[in-house]
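Here the structure of chain D is known, so what remains is to put chain G in place on it, guided by the hints.
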Amino acid sequence: MTTPLLVQAGPDAEQTGAVGAVVASLPVSFAPAGGGPDVVALAGTAGWTASATAAVRSGVRGVVVVDPVAEDPAALAAAAAEAGSAVVLDQAWAGNPVLAESQAAVRNAISDALADAVLLDSVAWGAPGTDPETLLTRHLGAVLACGVELEGLRVIQRNANGYTVIGSLPGGAPAALQGITTSSLPATATVSVLTSSGRADITLPDSSAGWTAEVRSVTSAGAATFPSIYESAHRHSWRRLRAAIDSGAPEADLERFAALTALVGQLHDSPQ
Amino acid sequence: MGILGAGPVTQAIHLPSLARLRGILEVRHIMDVDPAVAESVAARVGARFSTSMEELLADPAVEIVAICSPHQFHAVQVIAACRAGKKAVLCEKPFAMNGEEAAAIAAVSAETGVPIVVGAMHTFDPGWLAAEAAWGTLPEQVHTVRSSIVLPPNPRFEDFATEIVGRTPPAPAPDKDTAPDTAAVKAMLTGGVMGLAIHDLPLVRRFAPDFRAVEVLHAKTVMPFGYVISLRAGDVAIELRAAMNGTWEPSWTFEAIGNDASLSIDFTPSYVHAGSATARIRTAASTTVLGPFGHNGYEGEWRKLAEIARGTGTAPRPETLINDLEFALAIADAAAACVDAGAAAYEEASA
Numbered sequence: 001m002t003t004p005l006l007v008q009a010g011p012d013a014e015q016t017g018a019v020g021a022v023v024a025s026l027p028v029s030f031a032p033a034g035g036g037p038d039v040v041a042l043a044g045t046a047g048w049t050a051s052a053t054a055a056v057r058s059g060v061r062g063v064v065v066v067d068p069v070a071e072d073p074a075a076l077a078a079a080a081a082e083a084g085s086a087v088v089l090d091q092a093w094a095g096n097p098v099l100a101e102s103q104a105a106v107r108n109a110i111s112d113a114l115a116d117a118v119l120l121d122s123v124a125w126g127a128p129g130t131d132p133e134t135l136l137t138r139h140l141g142a143v144l145a146c147g148v149e150l151e152g153l154r155v156i157q158r159n160a161n162g163y164t165v166i167g168s169l170p171g172g173a174p175a176a177l178q179g180i181t182t183s184s185l186p187a188t189a190t191v192s193v194l195t196s197s198g199r200a201d202i203t204l205p206d207s208s209a210g211w212t213a214e215v216r217s218v219t220s221a222g223a224a225t226f227p228s229i230y231e232s233a234h235r236h237s238w239r240r241l242r243a244a245i246d247s248g249a250p251e252a253d254l255e256r257f258a259a260l261t262a263l264v265g266q267l268h269d270s271p272q
Numbered sequence: 273m274g275i276l277g278a279g280p281v282t283q284a285i286h287l288p289s290l291a292r293l294r295g296i297l298e299v300r301h302i303m304d305v306d307p308a309v310a311e312s313v314a315a316r317v318g319a320r321f322s323t324s325m326e327e328l329l330a331d332p333a334v335e336i337v338a339i340c341s342p343h344q345f346h347a348v349q350v351i352a353a354c355r356a357g358k359k360a361v362l363c364e365k366p367f368a369m370n371g372e373e374a375a376a377i378a379a380v381s382a383e384t385g386v387p388i389v390v391g392a393m394h395t396f397d398p399g400w401l402a403a404e405a406a407w408g409t410l411p412e413q414v415h416t417v418r419s420s421i422v423l424p425p426n427p428r429f430e431d432f433a434t435e436i437v438g439r440t441p442p443a444p445a446p447d448k449d450t451a452p453d454t455a456a457v458k459a460m461l462t463g464g465v466m467g468l469a470i471h472d473l474p475l476v477r478r479f480a481p482d483f484r485a486v487e488v489l490h491a492k493t494v495m496p497f498g499y500v501i502s503l504r505a506g507d508v509a510i511e512l513r514a515a516m517n518g519t520w521e522p523s524w525t526f527e528a529i530g531n532d533a534s535l536s537i538d539f540t541p542s543y544v545h546a547g548s549a550t551a552r553i554r555t556a557a558s559t560t561v562l563g564p565f566g567h568n569g570y571e572g573e574w575r576k577l578a579e580i581a582r583g584t585g586t587a588p589r590p591e592t593l594i595n596d597l598e599f600a601l602a603i604a605d606a607a608a609a610c611v612d613a614g615a616a617a618y619e620e621a622s623a
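From first to last, the protein sequence lines are chains D and G.
Under the working numbering, the first residue of the first sequence is numbered 1, with each subsequent residue one higher.
Under the working numbering, the first residue of the second sequence is numbered 273, with each subsequent residue one higher.
These are computed hints drawn from the structure, not numbers from a lab.
Please note: incorrect hints may appear among the correct ones.
Just the calculated beta-carbon pair ranges, DEER-fashion [claimed, not checked]: (1) D:Gly147 - G:Ala556: 29 to 35 Å; (2) D:Ala104 - G:Pro481: 48 to 54 Å; (3) D:Glu14 - G:Phe565: 45 to 51 Å; (4) D:Pro128 - G:Arg316: 53 to 59 Å; (5) D:Glu214 - G:Trp520: 16 to 22 Å; (6) D:Pro128 - G:Ala405: 24 to 30 Å; (7) G:Ala405 - D:Glu133: 38 to 44 Å; (8) G:Ala291 - D:Ala21: 55 to 61 Å; (9) G:Thr592 - D:Pro186: 34 to 40 Å; (10) G:Arg484 - D:Gly222: 43 to 49 Å; (11) D:Ala78 - G:Ala556: 39 to 45 Å; (12) G:Gly614 - D:Ala104: 38 to 44 Å.
Just so it is clear, CB atoms sit at the ideal spot from N, CA and C, and this is done for glycine as well.
The shape of chain D in the complex, shown without the other chains:
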């Protein structure tokens, strides 16, 4: 029988990651910690890599970081490897289970579209007051998690209402990423890949509930909608943490996040 891992979450992580509700939905895998925790949840606010490194060095078996801001995770990755701790990043859209490695059909459909892309158009929706850089980090994380490679990115406009970032795909097709703030729509990200004869659309929902992502592929043969997965990115992250701890095989979250952080850093350096 599986022994639940004991979970401790700070108030910020609890609020942004709905940790209590998620842990309650995985009662065989996790339980709230009364004393010393096996795993901890941290909010991904500035300084999260240092907090997570400290947690790893304190001996916890795993760490979940909720909605991390762009930050170099190299030191954390080294500390986690040395301690044998698992670190999972609970990213709002990139962590959606529909984009998991196990979803081969979805990944193949997106990959096929990208190979024949004529345009990538992506929009991230955030609540008014959302820091544009935070929204952009979530947004780029979602696009990269779809397997998109972006080249020559630059910010062409940015203000309190959002941003526009343009670049290209490896084949030269234009790519445009737009962030928009409004309270009239949920915090959703869409990634649309138009091809010479169709398209692929990925809609990634707000992770505060089990809303399903939608992935739809249009080819000359017709349209396909992929099976819905009623699991939030939060819950999927915790399941991944449990699997990583049980198997001893580390997740690649930090490695991928290093690439995302580098991309965000390049955008800071580019003229606007």
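Using the frame of chain D, we list chain G on its own:
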């Protein structure tokens, strides 16, 4: 009615629309420079045919003139129709290709009193009109506008609507492995704005009060035909996307987004007579769905034209039409200038 130009738009869009309005409008005369096309298309509706504008304008049976000829003839033909003393003129968009032509049209319209309607069909779409009646103070808070158009090549849809005669063979597709030169890119962007984006630019302008302060930030072409254009008009961010690829599934959306409310409209494609757009006005607490209704904006513009000719409807103000045109021309020019700026930067970097 008399129609100048009997190409695919007249055959597949206007005549099927008019066929549903027989008690309101009747086609009496069709003109096309190709006599075989003019004769064939006129025969479908029992109208006279000719190959000259003058002959159609001199026909006393023609009270309303519709100008569906290539863009470069629009201004001359609008002016001639006004001077011929017709009751009303419908001109396909764009109704002129530069500011001087637009000013000349406004002057002759004022002088003759002949009302002019520009065939910006989405502004006559019942879905758009229902949204306009319902959106309240939305325009005051909109900070972002998006227009996204994905369409197959026109012949796919033309053939659902009619049997085309005189179709021009399509231009050869550009070689996707060869980058188009600067002139070709500029031509595609200008053509994209004046031929495709222009369908939605009057809608965009509704949410961009500082439309004269256009600043194009980025413009790129999409293969085989399309564009990605980012611009600002005052404080409003405007994103224009279009791709005419080989898809069977069209998508034509317009969005205007404010802090607390947003509008999203899904338009039906041209040609196919698939009813009106469906509009959604959203707040955090509600979504109001408007439409779809049984007819599209093309039929809407004909209904409007008939009302104007009968004296029961009000014509759009010439100033509105001119402002719409100036907005489109400013974006087209600035998008082309972006290409020049990009080429200059490349040459500088390569030197």
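Outcome of the hint check:
{"no.": "1", "hint": "D:Gly147 - G:Ala556: 29 to 35 Å", "in the structure": "holds, 33 Å"}
{"no.": "2", "hint": "D:Ala104 - G:Pro481: 48 to 54 Å", "in the structure": "holds, 50 Å"}
{"no.": "3", "hint": "D:Glu14 - G:Phe565: 45 to 51 Å", "in the structure": "holds, 48 Å"}
{"no.": "4", "hint": "D:Pro128 - G:Arg316: 53 to 59 Å", "in the structure": "holds, 55 Å"}
{"no.": "5", "hint": "D:Glu214 - G:Trp520: 16 to 22 Å", "in the structure": "holds, 20 Å"}
{"no.": "6", "hint": "D:Pro128 - G:Ala405: 24 to 30 Å", "in the structure": "holds, 26 Å"}
{"no.": "7", "hint": "G:Ala405 - D:Glu133: 38 to 44 Å", "in the structure": "holds, 39 Å"}
{"no.": "8", "hint": "G:Ala291 - D:Ala21: 55 to 61 Å", "in the structure": "holds, 59 Å"}
{"no.": "9", "hint": "G:Thr592 - D:Pro186: 34 to 40 Å", "in the structure": "holds, 36 Å"}
{"no.": "10", "hint": "G:Arg484 - D:Gly222: 43 to 49 Å", "in the structure": "holds, 46 Å"}
{"no.": "11", "hint": "D:Ala78 - G:Ala556: 39 to 45 Å", "in the structure": "holds, 44 Å"}
{"no.": "12", "hint": "G:Gly614 - D:Ala104: 38 to 44 Å", "in the structure": "holds, 40 Å"}
Checked against the numbered hints above, the structure violates none of them.
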